[in-house]
Amino acid sequence: MPAAHIAAAEVPAALRDGLGRLQARLGLPTSFPPGVLAEAEAVARLPLDGHVDRTDVEFVTIDPANSTDLDQALQLERDDDGFLVRYAIADVGHFVLPNTALEAETHRRGQTKYAPGARIPLHPESLSEHTASLLADGVPRPAMLWELQLDADGELRDVALTRALVRSRAKLSYDGVWADMVAGTPHPSIELLPTVGRLRQQREIDRGGVSLNLPEQEIVQRNGTWALEFRTMAPVENWNAQISLLTGFAAARTMLDAKVGILRTLPAAQQWTLEKLRRTARTLGVVWREGVSYPDFVRALSPEVPAQLAVLTKCTTVFRGAGYVAFNGELPIGNFQHAALAAPYAHTTAPLRRLVDRYVLEVCHSLFNGLPIPAWATDGLGVLPEEMAESGRSAKAYEAGVIDLTEALVLSSRVGEIFVGVVTDVNPKTGVGTVQIADPAVELKVAAKAKEIGSEVRVRIDRVDLRDGRVTATRPN
1 MPAAHIAAAE VPAALRDGLG RLQARLGLPT SFPPGVLAEA EAVARLPLDG
51 HVDRTDVEFV TIDPANSTDL DQALQLERDD DGFLVRYAIA DVGHFVLPNT
101 ALEAETHRRG QTKYAPGARI PLHPESLSEH TASLLADGVP RPAMLWELQL
151 DADGELRDVA LTRALVRSRA KLSYDGVWAD MVAGTPHPSI ELLPTVGRLR
201 QQREIDRGGV SLNLPEQEIV QRNGTWALEF RTMAPVENWN AQISLLTGFA
251 AARTMLDAKV GILRTLPAAQ QWTLEKLRRT ARTLGVVWRE GVSYPDFVRA
301 LSPEVPAQLA VLTKCTTVFR GAGYVAFNGE LPIGNFQHAA LAAPYAHTTA
351 PLRRLVDRYV LEVCHSLFNG LPIPAWATDG LGVLPEEMAE SGRSAKAYEA
401 GVIDLTEALV LSSRVGEIFV GVVTDVNPKT GVGTVQIADP AVELKVAAKA
451 KEIGSEVRVR IDRVDLRDGR VTATRPN
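In this text, residue positions in the sequence shown follow the UniProt record's numbering: the first is 1, and each later residue adds one.
In case anyone wonders, no lab produced these hints; they're calculated from the structure. You may find that some hints are simply not true.
Here are the simulated DSS-like pairs of lysine-lysine, each with C-alpha atoms no more than 25 Å apart in a straight line [said to hold, decoys possible]:
id, residue 1, residue 2
1, LYS314, LYS449
2, LYS259, LYS276
3, LYS445, LYS396
4, LYS451, LYS314
5, LYS259, LYS314
6, LYS276, LYS396
7, LYS314, LYS276
8, LYS314, LYS171
9, LYS451, LYS429
10, LYS276, LYS445
11, LYS449, LYS429
12, LYS449, LYS259
13, LYS171, LYS276
14, LYS451, LYS276
15, LYS445, LYS314
16, LYS396, LYS449
What you are looking at is a predicted structure, and each value in this text was computed from that prediction instead of being measured.
Between the sequences and the hints, there should be enough to build the whole structure, so can you do that?
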């Protein structure tokens, strides 16, 4: 499906029950051990030693409206002929101490796993949604403060990273920020975000990278029934993402120069996957002209056009083999690039939600400030790639199950109805085709032939199992 994360303002009871069964089937934790919760409460009272007071900076956060685990706070300003980007990241390393039950639990979980009303957090909520979160409640919070100096073209020319005490002045939402920008009344702290975001997007184009920004699915209630709709990302989300990517590039370069750290890697696309995508685009009636590069082709696709959205979903299969590579003393052998981004890259801006980010932040902070890297950070590098791979597999299984349950819920009242959709793929071994329906925004599996890829077909909903999230569909005569 176009996006793994599904948002819902209100979670239906049937979906909650299904999510509980899914969690049990996957063996996912539904609570924290009492000892971990007690430690989380205790570390909230730790003194803030070694944090420089930067509460004078007017930071703001930009997140989905209902988010409370706020990793990043932002402030931008002019700097001579360029720009200064201040990016405060929650200092989770201040709270999660080595050799504690809390630390061990974060290694078991690896990352936050998302579902409507059934999020499985990496850290106890007392930390991730309160003490360590960069909330705009007037309370100063510890942060890892990146200061990224850019030239007039948006190229990075200097970086600093310090432990700082910061205070967020406003909790902003993507939709709210976009509305303010359209109205010409942006918050002063992010008034330059469109300028810097566009410059960074151009730098991405120049280096041959591409960001695949797919719409999310949202559960909505219409006329007493539940429906799935696509939510297209506002431009501000892409600009904000460019700030996070910029920080990840700075972290990666710092660790590579010092020959210690951990990178997020992605091998280059193989020619056969690009050729397959070109054939898929052709069958869907989407023109990919000769001489147009893959990044330029992707950037020209609109998720609001059904055929182009179907191609965008197939773009997710072009790059395969994402992972992490750790090193200490010698540079990694083989690939250490992120091929889609066309640069070395590290995860460093979401430590409340991802285990590896805490390590990257600690390593980079030590390197920037001439400090010994803590033993826990270097000792843990070797096992991090597999830990993150395992948690990633678990997260994907959970997200896939969530999508199945959500689609079953939406279609449960529509058994017997016939929909028209586009065949986007056919498994040559099983003869099972994938049909993308625009409204509701679901995919259905039916018998199909390879020659039908790109064609419109009629599909009937025959049976829906809400317990396991299974939808049985056939093609009517």
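Here is how each hint holds up against the structure:
| no. | hint | result |
| --- | --- | --- |
| 1 | LYS314 x LYS449 | 18 Å, holds |
| 2 | LYS259 x LYS276 | 38 Å, violated |
| 3 | LYS445 x LYS396 | 20 Å, holds |
| 4 | LYS451 x LYS314 | 17 Å, holds |
| 5 | LYS259 x LYS314 | 36 Å, violated |
| 6 | LYS276 x LYS396 | 24 Å, holds |
| 7 | LYS314 x LYS276 | 9 Å, holds |
| 8 | LYS314 x LYS171 | 35 Å, violated |
| 9 | LYS451 x LYS429 | 14 Å, holds |
| 10 | LYS276 x LYS445 | 20 Å, holds |
| 11 | LYS449 x LYS429 | 11 Å, holds |
| 12 | LYS449 x LYS259 | 51 Å, violated |
| 13 | LYS171 x LYS276 | 43 Å, violated |
| 14 | LYS451 x LYS276 | 14 Å, holds |
| 15 | LYS445 x LYS314 | 16 Å, holds |
| 16 | LYS396 x LYS449 | 28 Å, violated |
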